[in-house]
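Chemist: Chains as they are written, first to last, in numbering that gives the first Met the number 0: chain S, 0 to 596; chain W, 0 to 596.
In case anyone wonders, no lab produced these hints; they're calculated from the structure.
The structure displayed is predicted, hence computed values, not measured ones.
Please note that the accuracy of each hint is not assured.
One copy or two, either will do: identical chains are not told apart, so a pair holds if it fits within one copy or between any two.
The calculated DSBU-like cross-link candidates involving lysine-lysine, where the alpha carbons are at most 35 Å apart (straight line), are [to be verified]: (1) LYS326 with LYS26; (2) LYS185 with LYS44; (3) LYS380 with LYS326; (4) LYS23 with LYS185; (5) LYS44 with LYS323; (6) LYS185 with LYS460; (7) LYS26 with LYS455; (8) LYS254 with LYS34; (9) LYS185 with LYS323.
Protein chains: 2
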Amino acid sequence: MSTTALQDTINQAAGFTAADFVIKNAKVVNVVSGKIELSDIAICKASGMIVRTHERHIDGREVLDLEGELFAVPGFIDCHVHIESAMVTPQVFEEAVLMHGTTTAFCDPHEISNVLGADAFRYFIDSAENMIMDLMIGLSPCVPASGLETAGATLGADDLAPFIHHPCVYGVAEFMSIGAVLDHDKGTLDKLERFANCQIDGHMPFGVSTAMMNAMKSCGIRNCHENTDIDHACEKLKRGIHVFIREGTVCKDAKRLAAMVNTFQSPFLGLCTDDRNPVDIAQEGHIDHVIRTLIAEGADPVTVYRIASWSAANHFGMAGRNPKGWKPRGLIAPDNLADIVLLKSLEDCDIHAVYKKGERVSAAAFEQRRRVRPIGYGSIKIPTVPAHRLRQFGDPVNVPAIGLVPDQVVTTYEEITLPVNQHGELLSDPENDVLYIAVIERHGRSHGNIARSFVKGLGIKHGAIAVSVGHDSHNITVAGATIEDMTLAVNEVIRSDGGKVVVKNGRVLGRLALPVAGLMSDKTDVLETARDQIDLLDAVSALESPWQDPLTLLGFLPLCVIPDAKITDFGLTRFNPAAGIMRPTLVNDQRTGSPPA
Amino acid sequence: MSTTALQDTINQAAGFTAADFVIKNAKVVNVVSGKIELSDIAICKASGMIVRTHERHIDGREVLDLEGELFAVPGFIDCHVHIESAMVTPQVFEEAVLMHGTTTAFCDPHEISNVLGADAFRYFIDSAENMIMDLMIGLSPCVPASGLETAGATLGADDLAPFIHHPCVYGVAEFMSIGAVLDHDKGTLDKLERFANCQIDGHMPFGVSTAMMNAMKSCGIRNCHENTDIDHACEKLKRGIHVFIREGTVCKDAKRLAAMVNTFQSPFLGLCTDDRNPVDIAQEGHIDHVIRTLIAEGADPVTVYRIASWSAANHFGMAGRNPKGWKPRGLIAPDNLADIVLLKSLEDCDIHAVYKKGERVSAAAFEQRRRVRPIGYGSIKIPTVPAHRLRQFGDPVNVPAIGLVPDQVVTTYEEITLPVNQHGELLSDPENDVLYIAVIERHGRSHGNIARSFVKGLGIKHGAIAVSVGHDSHNITVAGATIEDMTLAVNEVIRSDGGKVVVKNGRVLGRLALPVAGLMSDKTDVLETARDQIDLLDAVSALESPWQDPLTLLGFLPLCVIPDAKITDFGLTRFNPAAGIMRPTLVNDQRTGSPPA
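In isolation and in its complexed conformation, chain S is listed as follows:
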């Protein structure tokens, strides 16, 4: 701040001069005291900071009088989000979520960095610098997430280090490799030591023991958003691991965790969305939806608004002045960013308007930004896949397979018996909900790896689905009832330069193009992507799966850092911490030693 700006701040704060902008007669929710007070809020426009509040009759050069009709709460903070799951670019993401009150988000570009490496950090930083909301970027520490898959890049501590001091970078994101920590893996410990004085986010899903929690926490890992069980979450919390309550598209935890929300624990909680698709954002909302869900479950509203704002800001070192020069936030109080959400009702969290740095969020404001050109075109670096490479042969008895678990991304390990044809080829069994599955390496960094297996529980009766979103390496993942439809689906993904495809009886029924790293649309309107997603789900309904979105489910089946049976381009993997298996192991190695004929 220049001396003149500081003088201006002092003058407006002390009331020597009128404030630039005053929101008058708001029902201000004070998340310090827990009280709600009718008050004005004075904002210095040059800094975007609140300079004066908790009093009335403040003079303003510009005034908005709420006449006691609306509540004012601090802007919401998403503690952990993968923007890629919204299938839009960061600037389009902000258009979708700012209206829902999310004024700051801590994102982990884990998906795109698995495809593009450090270029993904540069792209997200460039985007963050041209956004209205504060997009804080975590450096993805697990690229690749395991040693059992081919990602588009490999990022070591030396690759992350150049970015750590950037003001848009908040620290190290989701540190998933628990097994590697316990095994003293050199590259893993290297990162923990290099970034020992930084924020490091955690990942401790159900099944992670208290011993592993102790170890991860002792390595400086401070939070976890993988909380599907309240007792498990409480074990983390009491060890000082901050618990982020998530409402994503696939993982919906708020109802299960609502009983943790109390005043005493409130500083150690946060809200997040993790993975949320554009349809859910458009239809249900974002952090506002998490807030509504918790309050509907009986949580105290003011406590929930504290968790959505100050608790999150405080966790990330943004509640006060800080070495990175981030502006403090999380309170409606002086020296806090004027990130303010106006609500008609606290319980319903029905948003009337959102102010970011004292400016009303509007379509016109979005028009002012420099549009950042997406990167990551041409990320599908493989030729057409012939049908024969998807076929499987062998003993049809005790064939290892993946078993789906309803409403979860964890899976089971199954051994099944399959039909077989006269050539000894193992066949799918849609009648018994057994389908083919395959993962095709698409970064051009292996010798054409294609792994094949079977999946039970996806529920598709006909055709095939294929996606270039396959966590975490984002190879092409395909599942289906017939080899022919699978082949068509995979090649349609390749032809589209990435996306999601639905095929039935040799016809492409639906296609969502995701040309940005094979993960995101380059359309500039989130509603268009939401509509594309709705069309895709319409198309997939022809395959008669009981799941609303089997394509997203399919995309989690290569996620071998989540238990139990998964499939990567290396082959089928297992990871069962409940049985003492601390990291994924390869069940059947299907790697291609040399380029296929």
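Following the hints, put chain W in place on chain S, whose structure we already have.
Modeler: Quick look at chain W alone, frame taken from chain S:
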């Protein structure tokens, strides 16, 4: 942490190997959840960190079994202390307070830096590096505290800047100059801008308006320990200014503020001692005494222990990993320093043992430290003062004087009528509790300034008292019934190279030598200094003051940044914010333009 150390931490945390030291079967107070749980606490000795807890039956190479008899709470944090008020050096201070559970203290070397300038920072840093407790040092921003006094040094932003990145330095201490902020004083705004991304402590005593609070908070000032009125403190709190509850020797605020202590507000509170003399530390305790006082007033014990530990650590950015590499603290949880206080009763806070970084605090441990040689000898840089320089002449009607207010350091401005002798000399009037007072510049940086006035309410019937501790510039301050005894007292302070002196009828009744900058004893046992202080108070009782410690009261009479009438070596000052006077003004300029004859 080296890779080997990290591996060791992981192994002990995960239970792969026995922990170095385990405290077994403690009633662990969890200030995250608010619950008390019978649990073991495993400590890795190499790092001094807790690695594993909230479970039982942990294997340890060394074990202490509490058999469920004792509570374990996180080490206490003093959020704001002037060690100089304990009249001992930092290493002796820690011997006094560590036994009372204070494992971390945020100190402001404001007194010694007013005498010695930046050398004081070097001395405190050197001391901190050779202590067991964590002494965190704030850079004193107000040296001198006002423009109306001669201090031993003048420290600008350039003088503070070289120290700000030192790991023992937590930020900028007590920013007192509210008037200078409101007046846009250049040197003051310069400091606020240079340290805009740093912690800056506040000072907003009763009388500071909400407008001034807004201005100070908007400048990044984040806390206040000057809370003598609960409504005034709540005005700060709701603006996001953290409120530190103080129990010093002169200022005792805990009873008045106890009703603020509730679960919701607990993250925004802290405990402090500010100025506490060695007798009170020895007899009543330190932060443990603040805890006891709050609980006795009805505050919830677990909430009080949270405020004493995590809330304080969190405020100062020490609750998690941080850019300065400070070890996290404030919880009994993994990745927290093993700063643990064992108590027989939560309510009584009766300390059984204190562990710092997992080591039991003991006399033997203190012996291991390198003794840091005190500095600041020879800080009284003036010759003997002749009696005539203390005499006052003039109109005996409406003479401006200082009025004392019981139990407070604020004063009133009085106009009194005095006796006068045949030479026109104004005389003291001990019958009506009116005494002479004078401040003698002792740094050798003026032309022999001596300011004289009268004080009402000190209650001394005979003799005189003189001190080289005179906040904040620490010139020699003397008050008494006769000019002869005052002259003897002043010259005895000079002859002693600093200290506190009691004189009656031409005889020195008591003397406490403070040769370290004229502020602190160089004795190496706090109990000896406490005994010296008790002897001094015994001596002063002969002067028949109703105050237990009129010498300390006298030392606050030059403190012109506190309202209202005060006296510095420049003359009598006034500062009455309730009347809109934002900073001290000089009532009668008594500066000596040239060296006296």
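Chemist: Just pull the numbers of the violated hints for me, sorted ascending.
Modeler: 3, 6 and 7
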